[in-house]
Amino acid sequence: MSPGITFSEVKKVFGEGASSVHALGPVDFHIEEGSFVSLLGPSGCGKSTLMLMTAGLLKQSSGTISMGGGEVIGPRTDIGIMFQDNTLVPWRTVRGNIELQLELRGLSTHERRDDIHRLLRSVHMEDFADRHPYELSGGMQQRAAFCQAMVHEPKTMLLDEPLGKLDAMTREGIRRDLQSLWMQEKPTVIFVTHSIEEAIQLSNRVVVITPRPGIIEKIINIDLPFPRDFDVKNSPEFAAYVRETQEIFRSYGVI
Amino acid sequence: MASFKGNRFLAMLLERARHSWMFVAFFIGFFLFWEYSIVWFDIPRYILTPPSVVIEKGAADLDRLLYYTYVTGLETTLGYAVAVILALPLGLAIAFSSILKRTIYPFIVCIEMVPKIAFAPLFISWLGFGLLPKVIIVFLVCFFPIVLNAILAFNSLSEELTMFTRSTGSGVWRTFFKVRLPAALPQCFVGFKYAAINATVGAAIAEFIGSDEGLGFYIQIVTGNMRPDLAFAGIFFLTLLGMCLFGMVTLAERLLIPWHISIRRAK
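These protein sequences, in sequence, are chains U and W.
What the first sequence shows, in the working numbering, is residues 2 to 256, in sequence order.
What the second sequence shows, in the working numbering, is residues 25 to 291, in sequence order.
The set of hints was computed from the structure by calculation and includes no laboratory data.
Hints are not guaranteed to be accurate.
Just so you have them, the derived chain U footprint on chain W, three or more residues with Cβ under 8 Å [stated by the list, open to error]: (1) 113-126; (2) 180-193; (3) 249-263.
Anything over 12 Å on all C-beta distances counts as not near chain U; from chain W, calculated [said to hold, decoys possible]: (4) 33; (5) 45; (6) 64; (7) 132; (8) 172; (9) 176; (10) 209; (11) 210; (12) 237.
The beta carbon of each residue, even a glycine, is placed where N, CA and C say it ideally should be.
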């Protein structure tokens, strides 16, 4: 099997019999190692479900998912995971929360002190290492959560709407930080979002998923150079990608 | 530096006084009203006595009051401590066992509906007038709120944190001590505090029903002797006892989960 992540005939049905809900699939596609792929679709299309199945935290009803050459059969520990509601615990500082990822894995926190500092610096959080999450704004909390999800240097990052609860201006800044983190560490990223612009700005490829049952309508390759800053969004190429994506959702009556 | 600190302390006192003077004034006013209304309305002394007499007569009977405070305090503390020691592990076990959740948990919820105080006469008839029946009543009053809050506490880890810990491959114990236990403590303390408030109630009522010492016994006897002054003195020490227990639980909360207090303040 090839490196990266491969989905073959992946399907998810919740419940059984007459009351069962066909949530997703069948889904077939491949994500190259080191690429940034967005799963884009309306609420309830099964994009989060697909991400959780990739993490091995939810079992697919049929089909197979393979990651890094091995089939996903249980919770994967070689990933970094992040949700809309972050997993920072209130009794630890930002640094303590990043160290929690290492401690739960039985890794030394001492050896990685420099790594933690470097990560914090790349998201402009080095001055807030000793603050508790409740002392930080929502945007800063998510920046800290990125560091928590990356400190063990996972080859795959699974991000479930990590910017979903932030205001539009904060999102702009964090997208830039997220992009630079990705360019620096080059993990394979699956990024779940329902923001068309966000998906296009950040990704190598955007996987457009239809309303339930979610199936892949189209995979759009985004041929724009990285890093993609604010100016890129004003380019005609960017606008064309946005239009192309919007057309799909319009045809489904989503927008 | 010392004077600076002193000034800050003074400033803090002034700030507190500014916020709470109305409460203090009302408090003083209440006791003044009590003191003088007895004269104004010509209330007989065997019905109600002014606070000044409560202090005077209470001080004269201080030895007995202090000893009975010790007796009731012992019953309360023992019953409370046993409740915490037994309820916490049981709550934990129920939270993590689907079998216990389907057997013991509904049973506990049903028992919680029963007023535990109603068992007091039975326990006294079974076990006599001594310490044990009172400890059991206090235990029963405290046990259920602690168990029920512990079950809630250990079951309410967010789905995100649950998935996060699973993705780290962390073992059961490591996850428990690093994530589940600290996350559960605030809700556990809800139970501890509720139980602390009710512990002295249980002890006093158990003493009303059958006892030859303790503050509940004292209040009942002096009321029978038409001595409301001493009854109020007994109530004062019972209140003090309850406040001490609650104060200690609050102190433990501050020491164990300071981050939780800070969040409450920040909000």
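Hint-by-hint comparison with the structure:
| no. | hint | in the structure |
| --- | --- | --- |
| 1 | 113-126 | violated (count 0) |
| 2 | 180-193 | holds (count 10) |
| 3 | 249-263 | violated (count 0) |
| 4 | 33 | 26 Å, holds |
| 5 | 45 | 32 Å, holds |
| 6 | 64 | 53 Å, holds |
| 7 | 132 | 29 Å, holds |
| 8 | 172 | 23 Å, holds |
| 9 | 176 | 18 Å, holds |
| 10 | 209 | 9 Å, violated |
| 11 | 210 | 9 Å, violated |
| 12 | 237 | 44 Å, holds |
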